[in-house]
Every structure is written in structure tokens, then in C-alpha cells.
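With the hints as constraints, model all of the structure from the sequences given.
Number of protein chains: 4
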Amino acid sequence: MNEPLFSRYVLKVSCPDQKGLIASCTQVLAKAGANILDLTQHTTLDLKRFFLRAVFECSEESIGHIRNHIEELAKRCQMDWDLYDNAHTRRLALFGSKTDHCIYELLLSARDGDMRCDFSCIISNHHELENVASQFKVPFYFVSSDLDKPAQEVYLRKVLAETHSEALVLARYMQILSPEFTREWAHKIINIHHGFLPAFKGAKPYHQAWAKGVKIIGATAHFATEDLDQGPIIWQSVQQVDDTCSVDQFIRIGKDVEKRTLAKALRLWLEHRVFVFQGRTFIL
Amino acid sequence: MNEPLFSRYVLKVSCPDQKGLIASCTQVLAKAGANILDLTQHTTLDLKRFFLRAVFECSEESIGHIRNHIEELAKRCQMDWDLYDNAHTRRLALFGSKTDHCIYELLLSARDGDMRCDFSCIISNHHELENVASQFKVPFYFVSSDLDKPAQEVYLRKVLAETHSEALVLARYMQILSPEFTREWAHKIINIHHGFLPAFKGAKPYHQAWAKGVKIIGATAHFATEDLDQGPIIWQSVQQVDDTCSVDQFIRIGKDVEKRTLAKALRLWLEHRVFVFQGRTFIL
Amino acid sequence: MNEPLFSRYVLKVSCPDQKGLIASCTQVLAKAGANILDLTQHTTLDLKRFFLRAVFECSEESIGHIRNHIEELAKRCQMDWDLYDNAHTRRLALFGSKTDHCIYELLLSARDGDMRCDFSCIISNHHELENVASQFKVPFYFVSSDLDKPAQEVYLRKVLAETHSEALVLARYMQILSPEFTREWAHKIINIHHGFLPAFKGAKPYHQAWAKGVKIIGATAHFATEDLDQGPIIWQSVQQVDDTCSVDQFIRIGKDVEKRTLAKALRLWLEHRVFVFQGRTFIL
Amino acid sequence: MNEPLFSRYVLKVSCPDQKGLIASCTQVLAKAGANILDLTQHTTLDLKRFFLRAVFECSEESIGHIRNHIEELAKRCQMDWDLYDNAHTRRLALFGSKTDHCIYELLLSARDGDMRCDFSCIISNHHELENVASQFKVPFYFVSSDLDKPAQEVYLRKVLAETHSEALVLARYMQILSPEFTREWAHKIINIHHGFLPAFKGAKPYHQAWAKGVKIIGATAHFATEDLDQGPIIWQSVQQVDDTCSVDQFIRIGKDVEKRTLAKALRLWLEHRVFVFQGRTFIL
Chain A
129 MNEPLFSRYV
139 LKVSCPDQKG
149 LIASCTQVLA
159 KAGANILDLT
169 QHTTLDLKRF
179 FLRAVFECSE
189 ESIGHIRNHI
199 EELAKRCQMD
209 WDLYDNAHTR
219 RLALFGSKTD
229 HCIYELLLSA
239 RDGDMRCDFS
249 CIISNHHELE
259 NVASQFKVPF
269 YFVSSDLDKP
279 AQEVYLRKVL
289 AETHSEALVL
299 ARYMQILSPE
309 FTREWAHKII
319 NIHHGFLPAF
329 KGAKPYHQAW
339 AKGVKIIGAT
349 AHFATEDLDQ
359 GPIIWQSVQQ
369 VDDTCSVDQF
379 IRIGKDVEKR
389 TLAKALRLWL
399 EHRVFVFQGR
409 TFIL
Chain B
129 MNEPLFSRYV
139 LKVSCPDQKG
149 LIASCTQVLA
159 KAGANILDLT
169 QHTTLDLKRF
179 FLRAVFECSE
189 ESIGHIRNHI
199 EELAKRCQMD
209 WDLYDNAHTR
219 RLALFGSKTD
229 HCIYELLLSA
239 RDGDMRCDFS
249 CIISNHHELE
259 NVASQFKVPF
269 YFVSSDLDKP
279 AQEVYLRKVL
289 AETHSEALVL
299 ARYMQILSPE
309 FTREWAHKII
319 NIHHGFLPAF
329 KGAKPYHQAW
339 AKGVKIIGAT
349 AHFATEDLDQ
359 GPIIWQSVQQ
369 VDDTCSVDQF
379 IRIGKDVEKR
389 TLAKALRLWL
399 EHRVFVFQGR
409 TFIL
Chain C
129 MNEPLFSRYV
139 LKVSCPDQKG
149 LIASCTQVLA
159 KAGANILDLT
169 QHTTLDLKRF
179 FLRAVFECSE
189 ESIGHIRNHI
199 EELAKRCQMD
209 WDLYDNAHTR
219 RLALFGSKTD
229 HCIYELLLSA
239 RDGDMRCDFS
249 CIISNHHELE
259 NVASQFKVPF
269 YFVSSDLDKP
279 AQEVYLRKVL
289 AETHSEALVL
299 ARYMQILSPE
309 FTREWAHKII
319 NIHHGFLPAF
329 KGAKPYHQAW
339 AKGVKIIGAT
349 AHFATEDLDQ
359 GPIIWQSVQQ
369 VDDTCSVDQF
379 IRIGKDVEKR
389 TLAKALRLWL
399 EHRVFVFQGR
409 TFIL
Chain D
129 MNEPLFSRYV
139 LKVSCPDQKG
149 LIASCTQVLA
159 KAGANILDLT
169 QHTTLDLKRF
179 FLRAVFECSE
189 ESIGHIRNHI
199 EELAKRCQMD
209 WDLYDNAHTR
219 RLALFGSKTD
229 HCIYELLLSA
239 RDGDMRCDFS
249 CIISNHHELE
259 NVASQFKVPF
269 YFVSSDLDKP
279 AQEVYLRKVL
289 AETHSEALVL
299 ARYMQILSPE
309 FTREWAHKII
319 NIHHGFLPAF
329 KGAKPYHQAW
339 AKGVKIIGAT
349 AHFATEDLDQ
359 GPIIWQSVQQ
369 VDDTCSVDQF
379 IRIGKDVEKR
389 TLAKALRLWL
399 EHRVFVFQGR
409 TFIL
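Protein chains in written order, with our numbering: chain A, 129 to 412; chain B, 129 to 412; chain C, 129 to 412; chain D, 129 to 412.
Certain hints may be false.
One copy or any two copies: either way a pair holds, since identical chains are not told apart in the list.
As a list, the in silico DSS-like pairs of lysine-lysine whose alpha-carbon atoms are at most 27 angstroms apart [to be verified]:
1) 159 x 203
2) 332 x 392
3) 159 x 147
4) 147 x 332
5) 332 x 176
6) 277 x 329
7) 226 x 277
8) 159 x 140
9) 226 x 392
10) 332 x 203
11) 286 x 316
12) 226 x 265
13) 176 x 147
14) 340 x 176
15) 329 x 340
16) 332 x 316
17) 277 x 147
18) 329 x 159
Since the hints were derived computationally from the structure, they do not count as laboratory data.
Right, here's the structure in full:
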């Protein structure tokens, strides 16, 4: 006689606020014999929006049942929802340039199980990252900057399809993606900006920050959208600096902030904690 | 025709984990027509303990109904639970000594509505706080250190009863309360310790920290228990210091950390976010 | 026979970099029998600028001698320099509006000796601060917003002169000073901006920050210049926020960040640590 | 005709306080034509101890001259002093166990020039680190735990001598060194402890911290001495945690804090900023 197999799932729901939403959602889970381990629900009173994230365990047989009932509920309540099976490991494409500090951070975290994902490929317009790619046995793809943007993106699409990539991480990629491309991957491209957005958009943020004499520098992980450095912010971290620092030291200190911020943002996303609504995120 | 009066409540539940707990709780609320604004549920897998905090609005008529149904549920599931009416402003007794930095922080926060409570009295074994007490129109009570401990505590009990105090805040009180007294007010005495507990217990924590050459100092707000400086930690904050600081500067910087930490801990407690289980807190 | 009186002084020097500058400065002090307690010197290689701050003790008789020799040196080396006698307590005018959280922070710090200054007056275009002014026995001056800007500033100049004010602290003043006025008090007006500059300039920074979904809010203390919110930054502090916060909670949390940031900036300025060069500060 | 070669040096001085010390030191430098770029001097009034660190440039010919004059001065003033040539890259032996998060952090930082040192070898009682050692072309030495402690240390001494190691970094080494060994390498063994010392000494600090319900976890880099986890603290960092974290998450978050803290401490040491006096450090 076999024990039923219990797996872990995450349910995400976002919809206009109304009474009884949590009760309805949790009843669906309860009736299917699920055990909720963590649930967070928040309603922004400013926007009258309901957000819910629930982590639960249930038998594999029950999950189809749950899916159907949530789907019904969703229709009635105009819900955006998703149900993730933790057994599925997401496949992410890593985009980089020459520097590898963010790349190492992510590859090591994934290897150690500190973040649940597989890196499907490393894509770069330089050759510097081939070495780290081969160490971690991740396929490396070179996309030449000699190609025009549309040709580059034709190639990118091909690579992403072949490697079964589900999302993209721009780990200091330094190239601009076309509006069409960013729309195709809406809320599936996570970028790290080396400035404390919305200050210091654009190029050379550390030079801007130094000239301004800021006392704290920061980095911002956000979804890439067609508006450069304007997409919804996922995470931000900062580091105090003192005025004996040169721009070069800002850059050095910044590397540490960047990699931590990107890793944290990616972890939040992989844990299905990131909701996007009205141009900003809500992290539960 | 009158609109029903909607008030805001907080429900706190803690019990051994089992399936369907959230569904049961939220159904009680849904059936009574309540609207949940924020709900956080966490099960510690290490201790198999379920914690839930829900903020909801409902009509005043429905609340008795909710109370009865939760009570039934609690019996079945060995729940510890509480239901707080936000309309009720808690009355807190402030205990102090000579310094008033924590006292001012709390009185100003309460006055501005940044923290929801009334201060029922200020109690001290010195006269320095009479001035601030009179400015904020809070009754001041002097308890002489010439009295022996039992006599002091007889007087304290009398004052606390007369002022309808529901909990105590030790804002650098510097006196030790008897085990009997702390047990009477179990989990209702919030103390601020000027050290980053569990390091630097006991007297002169800043002197200890300086001698040790720590690079970060901190303060810890915790429930006072009969074991000095050992009660469950509610909140901790830290501040980086540099090695040109003297002990006096540690003390000065520490004042700022202390008052912030105590205010934050008190706010968490007033928002009914603090659960105590197996000697530690869980803040939701 | 009397002991010579030893007082404490701070020497600040800023000039184009060249060899032997520290040796020259410290020799002047050594020859006068001064004892240096703390000295920090930094040369920004980017700007080839030398900055020095020295705290020293010497007899009152020697200080004139030191002053003369530094003056000679300054001529040869194009030095900007200042020599401050710690025995002199600076007189600062506090400008406020309706909220008093920054005002209390500064008044209490000064009263406790945590910051060395006297507050010469409190000036406001509202009456709310009269109460705190009288508690701390600081003269209160009301400047009516019904007057036009020039008339207001005529009055301000008069008050500042009569109260022997040496510098101004804008503790959430909310009024704009004229370019002439800010130039008269160049690098002597310390303002607190309730945003993490250079992001969120102008009005309602917390509303801007919330709409943007930032994960960290901050405050910036800076010298007021004729360009609104653009003057050299003295200090910045931040606080992580979570996405269940409403704008109102941002404002509440921000109050705490603002007062700490302003107090820290003022303390740095009172300790003669703030150098201004090429539009930014260097804090030693 | 050749330009003289200018190199960069760091002078460190520590001695009982007296007048004229900075003037004497800086005059030696000035007379030799040196240009000071950064100088920090601090006298702890509590301990009457003078500390000075100066970064300067001078011709290679002058440095012998400077050395002789400082030596003379040192005799008169009971100075502990050192003069470091930045052209010399220090050789450090890395000790590890199975986990490589700290090892990668240091190897990558050194490779990128973010920290100025060479890693002479990696030493471990496990084989897990052989892979990273070979990637970074650092010789790997296995020291078997089957050997008794004295035999192990005979071997360690041999390896350290052969690899010309000047100092040791214990990057989660997990083995205890003998008192003799730590004395031989006094203030030249930098260890990372995965707890916020002086709290949580000894084994399983994250388990201790979780049971205590701390709200902030930390790591401490310190010099290893014969008293386990008691050596002078070089650097500490912390990370706020929330109560939904399990012990495993503490361990995961801690890895990040550990590697940052160790890297920062090592950087401070390599920049000759760390003074040890009376059992604690002073970082200038």
C-alpha cells in the first residue's frame, strides 16, 4: 500500500478587493486536503487591490481539482492567478557582458541549492564568460554586436527556445533590448541596475553619484521594460560610503551591492513573491 | 436608515499545526460578513506550530458571533487566541529613571498617532521625569527606593490598578522587578536593554562592548521575565560604530538606537504582531 | 601659581594638493605646544584637493600664535582654513512649520549635551511650535505668510541679527527662501529633505516613492542653495520598507529617518567635519 | 634622464600619547620629499594611546632614509611601527573545509584587483576545495584529520614555509589550531565566525540564534588566538531576519554575511588599517 505523494505548491492571486476572498481560496485548498504552510494576504487600501500568496502541500492527485476550482473562482472575481509546482525547477537564461561577479553569485547560489533554478545558458556579446560557463557546465552562446539589433534578437529567440528558457536574467548585460523583445518577455526579464533608482538612471551611475557626493550608494533589481531603467523595482540594497572613496572604490563596493541585490530579487521571484500592479511591484 | 458601523479588529491564533486551520478561521470571518485586509499565517516546521494574524473589518453586531465561533474552533484545535478591537486604545504605564530620551520618543509618537496607545502614568524612583510628565499631562508617580522591594511593589500594583494600566513599558527603568511581579504581568512588560542581547547582559553593556572592540552596537527590546535580560526578544536594532568612538559616544549613539528599538517593539506589540512560543517570539 | 588653561580647538584646511602640507600644519601646532587628539587628512586624487581636520588642545596664549602662522602658510598655499574654539557654543536658528519631530530631536540632543550648540530662536509661519519653544525656553518668532517674500526676509534678517544666530537649521520649514537670502547664508543653512536625493526632488516625495514601489526610503540633509533640493549633501539615511506599507506609513517611518538624518548632519557640521568643494561635500 | 620612481607606502605607528608625534612623523616624510595622500590619527583618551596611519608616495631612494629616521623616533617614543611597500603583494594561505562560499569571494576579489594579495595555497582536511583551487591555479594541500594535532601542525608549518605564506585566512576551517600555533602567527590569522560575537560563541551559532529568536544575525571576523572565538574583532556585519526563517534559512542568509564580513576584514588588514592594543582592534 502506497502513501499518497505530497508535493509543495505556491498559489498566487491578485484581484479587485471584495469580501470573502481568502475564505474562498483557502476552502478550495482545505477541501482538497491541502496543508497551508505559509500564507500572506495584503489589500492595498490605496488601490483596492487584493494580493494573496499561499504555500501548501497536497497530494499530486488533488492538484488538478484545486486548479479547476480556483479557475472557477477566478472567473467570478476577476482574479489573476498562478499555481506553481515546486517540483518544477525553472530554467533561466543568464545574459552578461565581461564582468562575472553577478554570474558567479547566481551560479554558486543555484549550485548550493540556496536558490531553486537551473541556468539554461549564458549569453554574451563578449567571450570573457566562456570560462565560467564551462566550469559550471552551462552552455555558452555568443551573440555578436556586429549583427544589427533585429538579427541579434532573432538569434536570441532561437537560443532561448532551444534551451527551454523560461525567463531571463540580465547580469550586467549592458545591451539594450528592443521594445518588442521586452514585451514578449514581460515581467520575465530581471535586470540589475548599478544605481539607486530612480536616481542615477542611464550610464555611469557611480560617476554621477560621486559627483553628487552621495553618502549611500545602491543597486536596483527591476523588471526590464521598454522604458530603460523604469521597469517595476523588485529589490534594492544600499551601502554607506565615505568621502575618502574614489569613483573606482564606488565601483568596487557597488559590485558587492549589485550581486547581492540581483540574487535577492531573483530569489524573491523564484519563490513567487513578486506581484506587479499599476507599474510597481508588491512583494509578499 | 442607518449604515451598520464597521470597526476594525485583529485576530491572533496560535496552535499545533493541522490541515484546514486557515480555511476554518477565514470562513468564520466570511460568514459574519467581515472583510480581511491583511492576513499572515506561518507554520514553523521546526516546532510544528501554526500562527495566524488577521486584520479585518466587520459590523459591531457580528463580532460577538465571530467570537463564539472562534471559541468553538479553539476548543477543537487547542488554539490560543485573542480578538482585539482597534477602537480600544490600550493604556500603558511608563516606567523610567532619570533619562527621558525613550519617554519623549514614546509620548511624541503616541501624541502624533504614530502608535495607538494612551500612557496611563509615568512611574519613577527619581523626580527627573516629573517635568515631561506634566508637559504631556500624564500622571506622575514617585516610588521611593527607600522602601523595600515588596513595599514598592505593593505601591506599584495600586498605581497600576488605579490608572487602569494594561501593560508596562520599562523605558530604562534600571530597577529589578520581583519574579512574582513579572509573572503577574507575563508578556505584558516590555523592556529595553541597551545591548545587543544575548551579548552584554547585565550592567554597563556599552563599557563591555567598547572593551571588546565591537564594530556594531545594538539595543534589544524584550519581554521582562524573572530571568534578567533573558526574556523573549521582540525587536533589535544596531548601529555601526567606528573605533574613534569613546565609551561616552557609544552611550550617546546608543540612546538613539534604544529609543528607536523600544518604539518599534511597542508598535509591533500594539499591532498585535507578537506571538510567544517556547521562550522566543514570532513576529508576524 | 596657576596652571595654563588648556582649551580644545579644531583646525580645518582645504587647498590644492602639494607636498609637505601636513608636516607644515602640524609643525605649527607642535611648536606652539599643542597636543593633537584626532587628525584626518584626505587628498581626492580625482580633484587634486587636500583636506585636513585636526582636533587639538593648547593653552589659550598659544592660539593667537597658531592663528598667525597658519595665516602665513595659507597665503603661500592658497588655503581655505578655519580655526574653531570648542569653548564657543554656536547659536543656531531653528526654522519649522507645524510638525515638531525634528525640533524635539534637536532640542533634546542639545539639552543633553549630545550636540554642542545653543538654539537662538525658533522661527515659523505657523503657531504650532510655540509650545515646544516655551518648554525649552527658546524665543519663538512668528513670520506671517501673508507678508510677501521680501518683507518676510527683512523680518528674518532682523530676528537672526537680534538673536545672534550664526547658522540656520530648516527642520521641515516647507517655505522657499530667496536666492539672495541663501547666498547670504551660504553653507550655513542646513535643510532636511524627506526623500533620498537626488531622487524624489520637490513636493510629496513619499507619494512619489510609493508610486514607484521603492523598497528603501530615505532622507537627505543638505546645505540649502538657490537651486531647490540641489545643495551639497551632508548626510543621508535610509530605512527598508515593505510593500504592505501605505503612503501614510511611509510618512510615519520617514519622520524617524528625517530626524535622525538631520541630527547627524548637524552634529557633523558642529564638529567641523564638513568641507564643501565643487558642489559636493567631503566629510572627514 | 630618468624620472625618479615613485612608489606608494603605508606607515603605521602606535605608541603612548605625547605632544608633537604627528609633526615628528610627518616631518620625516616631508624632508624625504614624500607626498602624503591619506593620514588618519587617533588618540584614545581612555587608554592614552596614539595611533597613526599614513599613505604616502615617495621615491624608492628615499624610503631607506625614512625608515632610519622613523626607527630613531620610535626608540625615543616607544613606538610600535611598520612601513609597508604597496609594491609588495602579500601571500596568504587559505584554510577551508567543505564549503567554498568564502573561498570564491576571496579568490574572485583578488583576481579582479578588488583586494591586493596573492593566495599562496588552499589547505583543507577535506577534498571538496580541490576543484576551486585548480580553477584559480592555487596549489591545494590536504591535511588529514587522521593525523594527530601535532603532526598536522608540523605539516602545516612545512606547507606555509614552502609556499612563502605571510598570513593565514580561516575561511570556515572548522578545525582548532593549537595555542603554540596561534601564538606563532599572532595577529596573522584571520578567522570568520558565523555568529555575532561575543554572543553565540562555539558550535552551531545559527541554531543558538534561532532558539533565542534574534531579529538580526551577524558574522564576525577576528584574529584567531588561543582562546577560541575570543580574539580581537576586526569586522562585523549583520542582516535582519524575520521570524518565518527556519534555521536553514539563517544558515543560507549567514553565508552571505560571512563572506562579506571576511572579505571586508581582509581588505582592512591588507590596507594596513588594523591596530591591536589591549585585546581589541582599532581600525583607522
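So, going through the hints one by one against the coordinates:
Taking CA atoms no more than 27 angstroms apart as the test, residue 159 paired with residue 203 passes in both settings, with 19 angstroms inside one copy and 21 angstroms between copies. When the C-alpha separation of residue 332 and residue 392 is checked against a cutoff of 27 angstroms, the pair qualifies both within a copy, at 23 angstroms, and between copies, at 25 angstroms. In this homomeric assembly, residue 159 and residue 147 come within 27 angstroms of each other (Cα to Cα) both inside a single copy, at 20 angstroms, and across copies, at 10 angstroms. In this assembly of identical chains, residue 147 and residue 332 lie within 27 angstroms of each other by CA distance neither inside one copy nor across copies; the values are 49 angstroms within and 32 angstroms between.
For a Cα distance limit of 27 angstroms, the shortest separation of residue 332 from residue 176 across copies, 21 angstroms, qualifies, whereas the shortest one inside one copy, 39 angstroms, does not. In this assembly of identical chains, residue 277 and residue 329 lie within 27 angstroms of each other by CA distance solely inside one copy; the values are 22 angstroms within and 36 angstroms between copies. For the homomeric pair residue 226 and residue 277, the shortest alpha-carbon distance inside one copy (19 angstroms) is at most 27 angstroms, but the shortest distance between copies (45 angstroms) is not. Both within a single protomer and between protomers do residue 159 and residue 140 lie at most 27 angstroms apart by alpha-carbon distance, with minima of 18 angstroms and 23 angstroms respectively.
For the identical chains of this complex, residue 226 and residue 392 are neighbours both inside a copy (22 angstroms) and across copies (24 angstroms), given an alpha-carbon limit of 27 angstroms. For a Cα distance limit of 27 angstroms, the shortest separation of residue 332 from residue 203 qualifies neither inside one copy, at 47 angstroms, nor across copies, at 38 angstroms. In this assembly of identical chains, the alpha carbons of residue 286 and residue 316 lie at most 27 angstroms apart only when taken from the same copy (17 angstroms versus 54 angstroms across copies). Taking the shortest Cα distances, residue 226 and residue 265 sit within 27 angstroms of each other both inside one copy (18 angstroms) and across copies (21 angstroms).
In this homomeric assembly, residue 176 and residue 147 come within 27 angstroms of each other (Cα to Cα) only inside a single copy, at 12 angstroms, whereas the closest approach across copies is 30 angstroms. Proximity of residue 340 and residue 176 under a CA criterion of 27 angstroms is satisfied inter-copy only: 17 angstroms between copies versus 39 angstroms inside one chain copy. Both within a single protomer and between protomers do residue 329 and residue 340 lie at most 27 angstroms apart by alpha-carbon distance, with minima of 14 angstroms and 14 angstroms respectively. Within a single copy, residue 332 and residue 316 get their C-alpha atoms as close as 25 angstroms, which meets the 27 angstroms cut-off; across copies the closest is 32 angstroms, which misses it.
In this homomeric assembly, residue 277 and residue 147 never come within 27 angstroms of each other (Cα to Cα): the closest approach is 49 angstroms inside a single copy and 53 angstroms across copies. Taking the closest pair of Cα atoms, residue 329 and residue 159 never come within 27 angstroms of each other, the shortest separation being 50 angstroms inside a single copy and 48 angstroms across copies.
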